[in-house]
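K.L.:
Note that the protein sequences, when read in sequence, are chains A and B.
Note that the first sequence covers residues 2 to 496 in our numbering.
Note that the second sequence covers residues 7 to 295 in our numbering.
I should point out that these hints are in silico values taken from the structure, not numbers from a laboratory.
Mixed in with the good hints there might be a few duds.
Unchecked claim - Among the chain B residues that face chain A by a calculated CB cut under 8 angstroms, a handful are:
1) Ser47
2) Val53
3) Gly143
4) Val147
5) Gln244
6) Gln246
7) Trp252
Predicted model only: the values in this text are computed from it and were never measured.
Cβ atoms here follow ideal geometry from the backbone N, Cα and C, with glycine treated the same way.
For reference, the chains in residue letters:
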Amino acid sequence: MPRTSYAIAALFAIALLPAAGQGEERKDTLVLGMVLEPPGLDPTTGAAAAIGEVTHYNIYEGLAKIAADGTVAPLLAESWTVSPDQKTYAFKLRPGVRFQNGEPFTAAAVKFTFERDAAEGSTNKEKAVYANIAAIETPDPLTVVLKLKQVNANLLFNLGENTGVILDPKSAATDATYPVGTGPFLFDNWVKGASITLAKWPGYRDAAAIKIERATFRIVNDPAAQVAGLLAGDIDAFPRFGAVDSLRQFQGDARFTVTIGSTEGKTIVSINNKRKPFDDVRVRRAIAAAIDRKAVIDGASNGLGVPIGSHYTPNDPFYIDLTGLSPYDPAKAKALLKEAGVSLPLKATLTLPPPPYARQGGQIVAAELAEIGIDARIEMVEWAQWLDGVYKNKNYDLTIISHVEPRDLAIYANPDYYFQYDSQDFRDIMEKVNTTADATGRGHWLEAAQRRLAEDAVNVFLYVLPQATVAKKGITGLWRNSPIFANDLAAVSWQ
Amino acid sequence: MTAATALSARAAGNPSFAVGGVLTLALLATAALSLAWTPLSPYVIDVPQKLQLPSARHWFGTDSLGRDVFSMLMVGAQNSILVGVIAVSVGLLLGTALGALAAAWRGWAEEAVMRLADFTFAFPAILLAIMFTAVLGPGIVNSIIAIGIFNVPIFARVARGSAKAIWQRDFVMAARAAGRTRLGITLVHILPNIFSVLVVQVTIQFANAILWEAALSYLGLGTQPPQPSWGRMLNDAQAQLFQAPWLALFPGFAILLAVLGLNLLGDGLRDLLDPRGTRRAMAAAPARR
Numbered sequence: 002m003p004r005t006s007y008a009i010a011a012l013f014a015i016a017l018l019p020a021a022g023q024g025e026e027r028k029d030t031l032v033l034g035m036v037l038e039p040p041g042l043d044p045t046t047g048a049a050a051a052i053g054e055v056t057h058y059n060i061y062e063g064l065a066k067i068a069a070d071g072t073v074a075p076l077l078a079e080s081w082t083v084s085p086d087q088k089t090y091a092f093k094l095r096p097g098v099r100f101q102n103g104e105p106f107t108a109a110a111v112k113f114t115f116e117r118d119a120a121e122g123s124t125n126k127e128k129a130v131y132a133n134i135a136a137i138e139t140p141d142p143l144t145v146v147l148k149l150k151q152v153n154a155n156l157l158f159n160l161g162e163n164t165g166v167i168l169d170p171k172s173a174a175t176d177a178t179y180p181v182g183t184g185p186f187l188f189d190n191w192v193k194g195a196s197i198t199l200a201k202w203p204g205y206r207d208a209a210a211i212k213i214e215r216a217t218f219r220i221v222n223d224p225a226a227q228v229a230g231l232l233a234g235d236i237d238a239f240p241r242f243g244a245v246d247s248l249r250q251f252q253g254d255a256r257f258t259v260t261i262g263s264t265e266g267k268t269i270v271s272i273n274n275k276r277k278p279f280d281d282v283r284v285r286r287a288i289a290a291a292i293d294r295k296a297v298i299d300g301a302s303n304g305l306g307v308p309i310g311s312h313y314t315p316n317d318p319f320y321i322d323l324t325g326l327s328p329y330d331p332a333k334a335k336a337l338l339k340e341a342g343v344s345l346p347l348k349a350t351l352t353l354p355p356p357p358y359a360r361q362g363g364q365i366v367a368a369e370l371a372e373i374g375i376d377a378r379i380e381m382v383e384w385a386q387w388l389d390g391v392y393k394n395k396n397y398d399l400t401i402i403s404h405v406e407p408r409d410l411a412i413y414a415n416p417d418y419y420f421q422y423d424s425q426d427f428r429d430i431m432e433k434v435n436t437t438a439d440a441t442g443r444g445h446w447l448e449a450a451q452r453r454l455a456e457d458a459v460n461v462f463l464y465v466l467p468q469a470t471v472a473k474k475g476i477t478g479l480w481r482n483s484p485i486f487a488n489d490l491a492a493v494s495w496q
Numbered sequence: 007m008t009a010a011t012a013l014s015a016r017a018a019g020n021p022s023f024a025v026g027g028v029l030t031l032a033l034l035a036t037a038a039l040s041l042a043w044t045p046l047s048p049y050v051i052d053v054p055q056k057l058q059l060p061s062a063r064h065w066f067g068t069d070s071l072g073r074d075v076f077s078m079l080m081v082g083a084q085n086s087i088l089v090g091v092i093a094v095s096v097g098l099l100l101g102t103a104l105g106a107l108a109a110a111w112r113g114w115a116e117e118a119v120m121r122l123a124d125f126t127f128a129f130p131a132i133l134l135a136i137m138f139t140a141v142l143g144p145g146i147v148n149s150i151i152a153i154g155i156f157n158v159p160i161f162a163r164v165a166r167g168s169a170k171a172i173w174q175r176d177f178v179m180a181a182r183a184a185g186r187t188r189l190g191i192t193l194v195h196i197l198p199n200i201f202s203v204l205v206v207q208v209t210i211q212f213a214n215a216i217l218w219e220a221a222l223s224y225l226g227l228g229t230q231p232p233q234p235s236w237g238r239m240l241n242d243a244q245a246q247l248f249q250a251p252w253l254a255l256f257p258g259f260a261i262l263l264a265v266l267g268l269n270l271l272g273d274g275l276r277d278l279l280d281p282r283g284t285r286r287a288m289a290a291a292p293a294r295r
């Protein structure tokens, strides 16, 4: 008997040991939730925003850093000078920086990375930015001079995005599966479909300032599972929380802090501009007039989200509010359809990818379109099917999607982009935006560009995708807004 | 006492049949009624009224877009029955034909049919249905096709098994000896005698078809919005599980009662249509003067 009770006591002690150590251990580990799993871990070759969420500023760094408020600060480049014609940028690089594999960070690495980004087969999302670089000079290991073909007023911002991170030439080929950068965290483990773990790199140049020793990104697609994960304590923080409808219960719970901010996400109803009858601007304007932005925001986004009238957000420079150009007016919509001579009911498919703004919002949009005589048949698809069918093959009538890349008006200048919007007028305006050196002049053209898209009703511009961050009390440093989709873990700590 | 009277007497006394019959009739009646009347429209989106508790206006409350849950359930019954009827009919007709063929002709025909059935059974059904809708696109028509395909081997096996037993009977052998063709025997002797087995299987497969339709709609592959579907209502309710937990109860119970009713009906029918049971009842009943 005594031996059995000793055994039981010992078992209890062993079982309780981890709990005893729990208190201290939790303070420097972090479990972050994320909605989508990245397809790879190299942001210079992959388009998914999820790649940057894991790796940007954590594993990789670029020449510049975009702060939570959207401003640009030095990172791997200590300082820079810009020539008066805005075509020559000279960067002074930070000395003493190493890659995580021991290789030194020098101008050669910068040159290699930018040339790779601009190369023929590059799949960099911002390839145009790097293709615009006419020459890269490296007079010494700590100086890089970029000579541009055309003025790019956004260059410094672009260099701060995840597409501009600097890779080590020696490891670049395998970065998608085993990322190596100059950042404060090492890639530790990737359990496909479940989680990605990063560990603090003791060799980082400023390791003492990094409070988190171990960070795990847990992938949770399902909104109900996200809520469950937070409530159970499995997930410490969820930036870009997906279950916007369930925020109320976290707001009332003392264990959590809820922060509402904004992203660069322009939630739109994309229209296939080359498909009849959507090639008629009156039909597109009719669709825009039929949709009540407020109803979609209330139904799909729990009332959070700022309405927009063009492909630009209030956080971007020279934003103008164009929602007045396409107010909710079903009578006007019907009149426009009549004027365009469309035979009703007009049949169209509305392709909806997985996110709630699409699935929920899509049902509201379909109901509103039915009111004016457009029979929008809903087709719910998975991401792979959306990317293949809609984005690649342009095989759609209408779809709902949120474009989260910042300041991406240039996509409308590409007639092959899935909107298939082909306007020489717009291309001319963008040309002026790119080549005007002075800020006010450029501002005038940016406003013209926004206005053009709104007048041409290329797509129906709904609202800015809001960001809700739910985190356990005591976590500080998470971004309120997402000017870019990044999680800067160096700034995060437990209080 | 005639066989028919004996049958109705037994039917009333059989609890499975009674309860199953009532539930199935309720399901059919709801669907029929919904064609003419629902308390409110299941299609009207009214976001300010979302996630309401049951009230005088909304008998079962409202969903995440403010639609009336009771009306959606009623119209959802139409979908379930539609899928059930068509998919099971496809399976019944094709499957019975193949099964009867296999039992009548034997040899390589039987081998071919049975191996085809085995082949289909080897696939996990839900994955096959998903693959179908991924290739052909989501929607009610494609889910009917997917479910129908899975019903064919089930009916084929059942039909073949029962048919083979009938083929062994004396009167069939006599007919064969008299020179009747296999097709003739199948139509005149085999099919009427396996009828009861097939009826029972139909009710079981109907119940399964309702479950399959709900599963496919839950995954987003079946009935697309704005058509209400019990499966999709469950998926929407899951997203609201912490806000409005009662939302999942209504479609869940609807599916439960429909499937339970059909299964009980099938059990009851099996008892009733069993020829031995009828003969026993006739023997036990007092002889008519």
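K.L.:
Compare the structure with each hint and give your call.
P.N.:
Evaluated hints:
1. Ser47: Check failed: Cβ of Ser47/B comes no nearer than 11 angstroms to chain A, outside 8 angstroms.
2. Val53: Since chain A brings a Cβ to about 4 angstroms from Val53/B, closer than 8 angstroms, the hint holds.
3. Gly143: 7 angstroms, holds
4. Val147: Check failed: Cβ of Val147/B comes no nearer than 12 angstroms to chain A, outside 8 angstroms.
5. Gln244: 5 angstroms, holds
6. Gln246: For Gln246/B, the interface hint holds, since the closest Cβ of chain A sits about 7 angstroms away, which is under 8 angstroms.
7. Trp252: 15 angstroms, violated
The structure is inconsistent with the numbered hints 1, 4 and 7, although it conforms to all the rest.
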